[in-house]
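J.: Residues per chain, in single letters:
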Amino acid sequence: MVDVTHGVAVPVAEVGDVELYHPRSWVTKYVFSQDAKVIAIQYSLTALSIGLVALVLSWLMRMQLGFPGLLSFINADRYYQFVTMHGMIMVIYLLTALFLGGFGNYLIPLMLGARDMVFPYVNMLSYWIYLLAVLVLVAGFFVPGGPTGAGWTLYPPQAILANTPGQQWGIILMLVSLMLFIIGFTMGGLNYVVTVLQGRARGMTMMRMPLTVWGIFTATVMALLAFPALFVGSVMMLLDRVLGTSFFMPSIVLMGEQLKYGGGSPILFQHLFWFFGHPEVYIVALPAFGIVSDLISTHARKNIFGYRMMVWAIVAIGALSFVVWAHHMYVSGMNPGFGFFFATTTLIIAIPTAIKVYNWVLTLWRGDIHFTVPMLFALGFIVTFVNGGLTGLFLGNVVVDVPLSRTMFVVAHFHMVMGIAPIMVIFGAIYHWYPKLTGRMLDDTLGKLHFWVTFVGAYAIFFPMHYLGLLGVPRRYYEMGETAFVPPSAHTLNEFITIAALIVGAAQLAFVFNLFWSLRHGRPSGGNPWRATTLEWQTPETPPTHGNWGKELPVVYRWAYDYSVPGAAEDFLPQNQPPMPRTP
Amino acid sequence: MAETTPTHIGAEIARPSGMRGIVADWSSDQRAFKNVSWGKAMMWIFLLSDTFVFSCFLLSYMTVRMSTVVPWPNPSEVFALTIGAEKIPLILIAIMTFVLISSSGTMAMAVNFGYRRDRRKTAALMLATAALGATFVGMQAFEWTKLIGEGVRPWGNPWGAVQFGSSFFMITGFHGTHVTIGVIFLIVMARKVLRGDFDHARRGFFTSRKGSYEIVEITGLYWHFVDLVWVFIFALFYLW
Ligand code: HEM
Ligand SMILES: [Cu+2]
Chain A
1 MVDVTHGVAV PVAEVGDVEL YHPRSWVTKY VFSQDAKVIA IQYSLTALSI GLVALVLSWL
61 MRMQLGFPGL LSFINADRYY QFVTMHGMIM VIYLLTALFL GGFGNYLIPL MLGARDMVFP
121 YVNMLSYWIY LLAVLVLVAG FFVPGGPTGA GWTLYPPQAI LANTPGQQWG IILMLVSLML
181 FIIGFTMGGL NYVVTVLQGR ARGMTMMRMP LTVWGIFTAT VMALLAFPAL FVGSVMMLLD
241 RVLGTSFFMP SIVLMGEQLK YGGGSPILFQ HLFWFFGHPE VYIVALPAFG IVSDLISTHA
301 RKNIFGYRMM VWAIVAIGAL SFVVWAHHMY VSGMNPGFGF FFATTTLIIA IPTAIKVYNW
361 VLTLWRGDIH FTVPMLFALG FIVTFVNGGL TGLFLGNVVV DVPLSRTMFV VAHFHMVMGI
421 APIMVIFGAI YHWYPKLTGR MLDDTLGKLH FWVTFVGAYA IFFPMHYLGL LGVPRRYYEM
481 GETAFVPPSA HTLNEFITIA ALIVGAAQLA FVFNLFWSLR HGRPSGGNPW RATTLEWQTP
541 ETPPTHGNWG KELPVVYRWA YDYSVPGAAE DFLPQNQPPM PRTP
Chain F
1001 MAETTPTHIG AEIARPSGMR GIVADWSSDQ RAFKNVSWGK AMMWIFLLSD TFVFSCFLLS
1061 YMTVRMSTVV PWPNPSEVFA LTIGAEKIPL ILIAIMTFVL ISSSGTMAMA VNFGYRRDRR
1121 KTAALMLATA ALGATFVGMQ AFEWTKLIGE GVRPWGNPWG AVQFGSSFFM ITGFHGTHVT
1181 IGVIFLIVMA RKVLRGDFDH ARRGFFTSRK GSYEIVEITG LYWHFVDLVW VFIFALFYLW
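Protein chains in written order, with this note's numbering: chain A, 1 to 584; chain F, 1001 to 1240.
The shape of chain A in the complex, shown without the other chains (with noise of 0.2 Å):
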């Protein structure tokens, strides 16, 4: 039953079409929609929307470090507040939401070949919970209190003591919110996971899935593994709050007064959360890692250079990254040998990584490069990152890390490797995809600018960081005071930072702008602007309707990068060309 096309062989299709639910009202199309598209969409916009809000929140922090006093409501409880709120919703709330829900949700179907995911139900309601935890988080800001002000690795026990910032409600909305989300991720994460795995077109084996998917899928997976370590640390830190159990809770005596609490473990929490901490980091970057591999490739006409290396190092890295988790804990207090285990798995990773950045490198080498802004966008990645990856060397070695732990060098660090980095990815993307979305190209003239001005401004911003952490200026501070060890220049250096992020911030918002404005006015891209192999591109109709694929499935006939083929008739072949036939 091998049936015969263009003189190939295909296999029979073993994935019986899916029956689509067709909506037969505006609110179930565009609101309650299961349609994967939609849902990424709406997951999307939700994603950025909070994600602008932490913007908002680091430039009030860099005015308070820049020019300190300047806005009076800024007082000290009221930073912490900031930090927490910052950094909690770009990790989580933005780079998690928006890779796995938002790419992962428009991208897996589209270029595995098909129709949805494998639950559309079950799907909508990982939107729909999502978006409770987002409103849960936000509630945060108008209750008594405010937000939590713990940090946002949420350190027991001051994260619930009376003294910190959103003791009384902030706490209690950011766990039942971490808890939603989680809920929310799990119910989206087993459709992407499934879908790669049971939902392929003919011809799609998992070695020819363009490396995007590989990346979505692994980090998927890691997430599904590592959330638990989170929801139970939420759980238990809840009810230590609610109900006075001590499950991280020493006996503590605050302002001469006994507390209730007693004989739990402190560090038990950091042990969950690192154990979900640092997978994240990977979560947020191996999506990262396989859409800049596809953009390097189509932008530069060239074949992925060694792609089940890429593939590989994919997995490895994302198997490595479950034990490492204590490297974020040399200062705890925890067994210091464990510290010679874990720095020796850290830099482990680094190999994979490296594998990475060669290839990347090699793939551009004489490569046909177009300067497009997607491809712009990729390069300031490899930069940043390779500067981020760098810096966790250091960092990953007990020695060298304890006396820059708590200092502005780690903040430089992980600015530059997770959270410059991804969002670097993000808008590449972002430039990327967009025709296929709306049919019409972003603005490049725009584009080249936001480009320059984040590129740029991030390292104007991050790497002085590096600079003051080395001169011991401590991370988590709302001012510094009389503090004779740091020199009134480092002062001067904290102005400049603050400005520049100022100005950052604004390039984002002609990004916001452009996002807008090209839905209109944009030029009209047709349906495979960048000439690109991958079968997202190969749709009948742009941007692709309801099913994807119209009446037939594609099949596939041939990896994800067949770009500039020897003899071929364009310097691209889609994944669904069939072979010229053999003569016989």
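Just so you know, these hints were derived from the structure itself, not from any lab.
Hints may contain errors.
[Stated by the list, open to error] In silico DSSO-like cross-links for lysine-lysine, where the CA-CA straight-line distance does not exceed 27 Å:
(1) A:K29 - A:K551
(2) A:K260 - F:K1040
(3) F:K1087 - F:K1040
(4) F:K1121 - F:K1040
(5) A:K551 - F:K1034
Quick caveat: nothing in here was measured; it's all calculated off a predicted structure.
Given chain A's structure and the hints, the job is docking chain F with the ligands onto it.
T.: This is chain F with the ligands only, laid out in the frame that chain A set:
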């Protein structure tokens, strides 16, 4: 990796067995687990994730049990029932465990009859499983009431480490919630089986393809998992 024909050719060509079969399946197109439906794959992956949830709960419980400096109450005394004049340690837990393990048996039989399309027997066995599950939850409620009556609270108890009550209520509560969800799901599915939804492919929630009783098996997977978790709770909480 230039032009090649798709590797996997037709289901009717015999697939290699063992390790090589796995490699062949994973390098083929369309699906990695050849005879596994979407629903079943989803349940397996969910259970893997849930395993991590329970592992974290149990590991945390063990950590606080070891970190607290106050002595831990003796489970065989705390969980003893006085029947007649005799104080029998762990008797209730033993019965609960027996009930839950038996329910796994009835569940397995339900799956079997489901595949034979014996609607009556399938539904009856599913309801029996649900009844056993409900009994389990009922006995747990009884145990909670008894302990609360004796003064055990999440934040303290008369015998020693406060973490005893906290971990007890948290872990058994979380597990009990899983059992309760399972019971509800079993009842809903039993009704669908009895009504013949799976033979007529009546549209609705969780009704898969016509003639497929797979959902019974998927429910079964969940149920066995919840049982298995109980064995660990039993061993680590009551026997330690
Ligand atoms: C223009 C962009 C950004 C600026 C100006 C900025 C600025 C800041 C500042 C000033 C702090 C507080 C430092 C301190 O006092 O300890 C901070 C903390 C933090 N930021 Fe950003 N940030 C930006 C983007 C991001 C992004 C994209 C992420 C995503 C990963 C991120 C994640 C964090 C985290 C996790 C913290 C730590 C919060 C804590 O200490 O609890 N930031 N950021
Ligand atoms: Cu880490």
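J.: Taking only the CA atoms, is the gap from K260 of chain A to K1040 of chain F under or equal to 27 Å?
T.: Distance of about 47 Å is beyond 27 Å: violated.
J.: Does K1040 of chain F sit within 27 Å of K1087 of chain F, going by the straight-line distance between their CA atoms?
T.: 45 Å, violated
J.: Just to be careful, I want the Cα atoms of K1121 of chain F and K1040 of chain F compared with a cutoff of 27 Å; is the pair within it?
T.: 22 Å, holds
J.: Can the restraint linking K551 of chain A and K1034 of chain F be considered satisfied, given a maximum Cα separation of 27 Å?
T.: Holds - the C-alpha atoms of K1034 of chain F and K551 of chain A are around 25 Å apart, at most 27 Å.
J.: Is K29 of chain A within 27 Å of K551 of chain A, Cα to Cα?
T.: 20 Å, holds
Against the hints set out earlier in the document, violations occur for numbers 2, 3.
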